[in-house]
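So you can see what is in the structure, the chains are spelled out below.
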Amino acid sequence: MTTWAKPFTVAVPDADVERLHAKLELATFPDELDGAGWDYGVPLADIKRLSEYWKNTFDWRKAERSINEIPQFTTDIEVDGFGSLNVHFVHQKSEVENAIPLLFVHGWPGHFLEVRKLLPLLTAGSHDHPAFHVVAPSLPGFGFSEAPGKPGFAGPQFAETFNKLMLSLGYNEYVYQGGDFGHIIGVYVANIYGHKHMKGWLSNMPMYRRPTAFSNPLLFLELLTLPFNKTLRDRIAAVQHLQTTGMGYFNVQATVPQTIGYSLADSPIGLLAWLYEKLYMGVGGYPWTEDEVLEWISIYWFSRAGPGAPARIYYELTGGNSHDLFEGTTWTSVPLGLAWFPQEPVRLPKSWAHMIGKVVFESDHEVGGHFAAFEQPQALVSDLRKMFGKGGPAHGVVPGKDGYQ
Amino acid sequence: MAPAADTETPFTLAVPDSALELLRAKLALTRLPDELDGAGWEYGAPLADVRRLVARWQDAFDWRAHENAINDALPMFTRPLAVDGHGTLDVHYVHKRSEVPNAIPLLFVHGWPGHFLEVRKVLPLLTAASPEHPSFHVVAVSLPGYGFSEAPRKPGFSGKQYAELFNKLMLSLGYEEYVYQGGDWGHMLGAYTAVQCGPKNLKAWHTNIPVSEQPTLWSHPLAYLKSLLPYDQKTLEGLQATGLYRMKGLGYMIQQATKPQTIGYSLADSPAGLLAWVYEKLVAWSDDYPWTDDEVLEWVSIYWFSRSGPAATLRIYYEMTAGNTQDILKGAKGPTVPVGLSYFPQEVFRLPKSWAHTLGKIVFVAEHGKGGHFAAHEQPEALVGDVRKMFGKGGGAYGVVPGKDGYA
Chain V
439 MTTWAKPFTV
449 AVPDADVERL
459 HAKLELATFP
469 DELDGAGWDY
479 GVPLADIKRL
489 SEYWKNTFDW
499 RKAERSINEI
509 PQFTTDIEVD
519 GFGSLNVHFV
529 HQKSEVENAI
539 PLLFVHGWPG
549 HFLEVRKLLP
559 LLTAGSHDHP
569 AFHVVAPSLP
579 GFGFSEAPGK
589 PGFAGPQFAE
599 TFNKLMLSLG
609 YNEYVYQGGD
619 FGHIIGVYVA
629 NIYGHKHMKG
639 WLSNMPMYRR
649 PTAFSNPLLF
659 LELLTLPFNK
669 TLRDRIAAVQ
679 HLQTTGMGYF
689 NVQATVPQTI
699 GYSLADSPIG
709 LLAWLYEKLY
719 MGVGGYPWTE
729 DEVLEWISIY
739 WFSRAGPGAP
749 ARIYYELTGG
759 NSHDLFEGTT
769 WTSVPLGLAW
779 FPQEPVRLPK
789 SWAHMIGKVV
799 FESDHEVGGH
809 FAAFEQPQAL
819 VSDLRKMFGK
829 GGPAHGVVPG
839 KDGYQ
Chain R
7 MAPAADTETP
17 FTLAVPDSAL
27 ELLRAKLALT
37 RLPDELDGAG
47 WEYGAPLADV
57 RRLVARWQDA
67 FDWRAHENAI
77 NDALPMFTRP
87 LAVDGHGTLD
97 VHYVHKRSEV
107 PNAIPLLFVH
117 GWPGHFLEVR
127 KVLPLLTAAS
137 PEHPSFHVVA
147 VSLPGYGFSE
157 APRKPGFSGK
167 QYAELFNKLM
177 LSLGYEEYVY
187 QGGDWGHMLG
197 AYTAVQCGPK
207 NLKAWHTNIP
217 VSEQPTLWSH
227 PLAYLKSLLP
237 YDQKTLEGLQ
247 ATGLYRMKGL
257 GYMIQQATKP
267 QTIGYSLADS
277 PAGLLAWVYE
287 KLVAWSDDYP
297 WTDDEVLEWV
307 SIYWFSRSGP
317 AATLRIYYEM
327 TAGNTQDILK
337 GAKGPTVPVG
347 LSYFPQEVFR
357 LPKSWAHTLG
367 KIVFVAEHGK
377 GGHFAAHEQP
387 EALVGDVRKM
397 FGKGGGAYGV
407 VPGKDGYA
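The listed protein sequences correspond, in order, to chains V and R.
Residue numbers for the first sequence follow the numbering used here, beginning at 439 and rising by one.
Residue numbers for the second sequence follow the numbering used here, beginning at 7 and rising by one.
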């Protein structure tokens, strides 16, 4: 199959930029309880500060020019049962001919620009570490990718889209990096295309099902050591706390994405609050600048399918909240690397990650959170280099492309 | 005893022109999301509905006509009421006395996404005089943060505070002893008010959503034993529907109980966003009620034009669950005051009837074949019929308010 990729430039119409500003001019803010802090959600002072900056100072055209320095393309991908989808992606080749093809997949509320800081590092040639050809798509419905038009676009469909994308670029065999939905889709890619096409992968959000007595007796037995195992107790308590206090967005998007979509499409400050809550809470004290935050939110605001579309991934991958995110998947023997970042909110007991796949690499970082590629690009690249480099556990997984000059 | 009118001020609904203009300006800039083919109601409020409602709200909906009609139909007031630890709140309410001097004082309490207007259809029926049924003096309060009541300013305004406020409102109107009717939060707060202010002030209460804790062997042994028996088909269907609702229908509740401020920005800033958020419930929770567009738009406009804005209405979920960490009824255990229950078939929580014994001494039960969550709006005659039976001659709560049995 050959599909031709067309170069893509981000070019938001003037009318759209004007409408954003018109809406910001009319922004109506809610009240707030005295001393609320972050307890009830994003503080009013933060939203006012960011909204003022967005209205008066943030230069979208400048950001757009800078984004367009990254080589971007679109191509049509046929997805079984869904017709043709126009997929937007970053594609940067290394000067090293035998560089390892790498598929980088973002999540929610992330986007393709999360690959930005990794690009120069991953594609750099050296005798000391492998180089990569990097492909970073926008998930269908996110960024500048077309959204699926009908219900049912779930894990297998995302996996199919990305596998076909890699094949269309001539990358019959490749490796993979992802966190958030990038991780979840990675599980599907490993399950469906593992070994044949996807040869190995690194996740920065190692998450899977909870062990049960039947599925994983040994891990389940480990849970019985809870009273004596403070590390395990703390991790489970943290996850339970997240379950209790941090899952509103998940439940809303997994059951009524259309309803929240009206707010996100229509209110810039509503979208800002919805996403910024995660940007702030998911990182390890990353010093977001106003420009960084607003460029991030603007990608959602100006996205091809609009800000209502991304929420649907939660619905589709959980069957409308009727099953978990990993429906139909199992453990695979595709080499798996785990990158542990301390401020990642979804931090399950490390032993549970072995239920995902054959763990061949693990790294423990001192700093960093959910948006690892954005917060700690060096650390993530270092992990990829160690995992796939000479002497590494997944060296040479892509035959003939070990990434060295 | 004459009502204390000294701090009461008559209230006329009068939204400023500038607010109407801002709403129209925002509606004119509405950007709607896309929608999946054949989505129907599966993913939330359908695009065609929201598009149509937004267009009408902008061009054809006559808010002033509705405002005038509300002012004509409902005698409204505000008065400042002090709540321990929360200073003074200016509280908005409807107050209509029956021509029957010994009518029963009744406090009607709405929930979310409801408001004081839910009393509109039941008001003339409740205050009507007749030898056949009791009459009521009706007070319909706007919960703090809703309608035209001031919102609490600090954290911690919860069940205890609502009960205190309701009781003070009724006492300030000269109603030392009264009864209560509520659904949604009105139900939950009924349990709190019953525990805190009954039987001294609150003599009996009626709920149209009998949600309760499961009885335990220790709390309600007889009800517990009854709940162990196999459930009948109807009860099983109710439990199943409740389970399905818990899986599919609680997103809004979890959001509002954990991060009300975050969703608050959207609801305060986007009329279309607020409309969709509320409209989805108006339809999902009612029993095929034939909402007209203007009915919906009037309802949502109350939220949009409310004194404290729509975001303030969400915090009750956070406060009453301590940020989703505890059961709503945790602080309202073991009410003993007489309670009446009306079961409407499309109510979202359909729990086994044996559980309702945890709500108090059951003196009245009615089951209906039609109606959902918004009983006073969907089935006013049925609801009033139940309240009249409960408090009327021969009823389980007849004469609970000494000297005021509701008959001429």
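Please note: incorrect hints may appear among the correct ones.
[Said to hold, decoys possible] Calculated lysine-lysine pairs in the PhoX-like style (CA-CA distance at most 25 Å, straight line): (1) Lys127/R / Lys232/R; (2) Lys486/V / Lys634/V; (3) Lys588/V / Lys232/R; (4) Lys160/R / Lys486/V; (5) Lys531/V / Lys634/V; (6) Lys127/R / Lys102/R; (7) Lys336/R / Lys174/R; (8) Lys716/V / Lys254/R; (9) Lys376/R / Lys395/R.
[Stated by the list, open to error] For the chain V half of the interface with chain R, some residues (derived, Cβ under 7 Å), not all of them: (10) Gly563; (11) Ser564; (12) Leu680.
Derived by calculation from the structure, the hints in this document are not laboratory data.
Yeah, the Cβ is synthetic: ideal placement off N, Cα and C, and Gly gets one too.
Original post:
Under the criterion of a CB-CB separation shorter than 7 Å, is Leu680/V in contact with chain R as hinted?
Top reply: Result: violated, 10 Å to nearest chain R Cβ.
Original post:
Do the alpha carbons of Lys127/R and Lys102/R lie within 25 Å of each other, as the hint requires?
Top reply: holds (13 Å)
Subject >> Pair hint Lys160/R and Lys486/V, alpha-carbon separation not exceeding 25 Å >> reply: holds (20 Å)
**OP:** With chain R as the partner, please determine if Ser564/V meets the hint condition of a C-beta pair closer than 7 Å.
**Re:** violated (44 Å)
**OP:** Would you mind confirming whether the straight-line C-alpha gap from Lys531/V to Lys634/V stays at or under 25 Å?
**Re:** holds (22 Å)
Original post:
Can the restraint linking Lys486/V and Lys634/V be considered satisfied, given a maximum Cα separation of 25 Å?
Top reply: The given pair, whose Cα atoms are some 51 Å apart, is violated under the 25 Å limit.
**OP:** Could you grab the alpha-carbon distance between Lys588/V and Lys232/R and see if it respects the 25 Å cut-off?
**Re:** Not satisfied, since the Cα-Cα distance of roughly 48 Å exceeds 25 Å.
Original post:
Is the interface hint for Gly563/V satisfied, with its Cβ closer than 7 Å to some Cβ of chain R?
Top reply: Since chain R brings no Cβ nearer than about 43 Å to Gly563/V, farther than 7 Å, the hint is violated.
Original post:
Has the given pair, Lys127/R with Lys232/R, been kept, meaning a C-alpha gap of at most 25 Å?
Top reply: Judged against 25 Å, a Cα distance of about 37 Å means the pair is violated.
Subject >> 25 Å Cα cutoff - pair Lys336/R, Lys174/R >> reply: Holds: Lys336/R and Lys174/R sit about 23 Å apart, inside 25 Å.
**OP:** Compare the distance between the alpha carbons of Lys376/R and Lys395/R with 25 Å, and conclude whether the hinted pair is satisfied.
**Re:** holds (18 Å)
Original post:
Taking 25 Å as the top limit, are the C-alpha atoms of Lys716/V and Lys254/R close enough?
Top reply: Judged against 25 Å, a Cα distance of about 23 Å means the pair holds.
Of the hints listed earlier, those the structure fails to meet are numbers 1, 2, 3, 10, 11 and 12, in rising order.
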